[in-house]
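Each step along the sequence shown adds one to the number in numbering that gives the first Met the number 0, with nothing skipped, and position 288 is 287.
In short, the hints are calculated from the structure, not lab data. Just so you know, even glycine gets a beta-carbon here, dropped at the ideal spot from N, CA and C. Treat the hints loosely; a few may be bogus.
[Claimed, not checked] Label pairs and their in silico Cβ distance ranges:
hint: 1; residue 1: A250; residue 2: I154; range: 45 to 53 Å
hint: 2; residue 1: T38; residue 2: L14; range: 33 to 41 Å
hint: 3; residue 1: L111; residue 2: T38; range: 20 to 28 Å
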Amino acid sequence: MGHLDHATFGWLTPLLSYAMACIGAALGLSCTVRALDTTGRSRRNWLITAASAIGSGIWTMHFIAMLGFGVYGTDIRYNVPLTLLSLLGAMVVVGGGVFAVGYSRDRTRALLLGGFATGLGVASMHYLGMAALRLHGTVHYDPLRVVLSVVIAVIAATAALWAALNIRSTRAVAVASLVMGAAVSSMHYTGMLAVTVRVTPSGAALHGATAMQFIFPLAVGLGSYLFLTSAFVALSPTAPERAAYAHAEHAQDPTAAAGEATGARGPDLRSRRAAHSPDASTADTRSPAGTR
0 MGHLDHATFG WLTPLLSYAM ACIGAALGLS CTVRALDTTG RSRRNWLITA
50 ASAIGSGIWT MHFIAMLGFG VYGTDIRYNV PLTLLSLLGA MVVVGGGVFA
100 VGYSRDRTRA LLLGGFATGL GVASMHYLGM AALRLHGTVH YDPLRVVLSV
150 VIAVIAATAA LWAALNIRST RAVAVASLVM GAAVSSMHYT GMLAVTVRVT
200 PSGAALHGAT AMQFIFPLAV GLGSYLFLTS AFVALSPTAP ERAAYAHAEH
250 AQDPTAAAGE ATGARGPDLR SRRAAHSPDA STADTRSPAG TR
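Model the full structure from these sequences, guided by the hints.
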């Protein structure tokens, strides 16, 4: 058996991966909350952003953590197509979960279905990413710990979506994202504890890219995407904020206020002016009743 090291760089990769998981969760939950306050194309766009944020966050978390993974006695490479597929798969499956929450009328059913789908997205990303691993030897999994890691992912996703459906404050979303980040990290390391490697020494070259050649640049790119999208979401007003702005502008607009007042008093003013106008008196004297 090969000796596994899950933190070759010390606490750097676990802490950085946890931070990325929290950022992805916070961004995804914020977008889901925004989506529930809108309709039509705007809701669809917010949900797509939520799925891409959560998928990117968990993918970046996983592979930053994998930067610290090492097996004594063999080098490690990653299959590039499978690695990219794990990212796309995470976004698609998580997207199914958030769209279920965004469009279902039955909140309980949507929560259960969305949490299950999102949790499976997290787990499928992890194990598809592990399938991209290339080394001199064979990788084995403890089935019980694998099941436990999937259960953790589903519970974490369900709890996060419950927070998005029931708690709308910024502070609550921040707390939920910290909890979800911890749960996603726990799922990752529980899944990694299920791994054993039987090393087969060999001088043959391994196919694929090293973590620094491929995963690190992509993780940095996705991390930049998450930060920029977070700034966009932070600067985008929520539905209550838009309503408050509209109300404040309406109250401060003297033309609109005067128009409303004129509209309210218009009929009375017009009737009084008509009664006292010269045309009205002339019309009275020229009427048949006046001639008689």
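Original post:
Is it true that A250 and I154 lie within 45 to 53 Å of each other by Cβ?
Top reply: With a Cβ separation near 47 Å, A250 and I154 satisfy 45 to 53 Å, so the hint holds.
Subject >> Cβ separation of L111 and T38, checked against the hinted range 20 to 28 Å >> reply: holds, 24 Å
**OP:** Can you let me know if the beta-carbon spacing of T38 and L14 is within 33 to 41 Å?
**Re:** Holds, since T38 and L14 (Cβ atoms, about 40 Å apart) stay within the stated range.
Consistency with the previously given hints is maintained throughout, with no hint failing.
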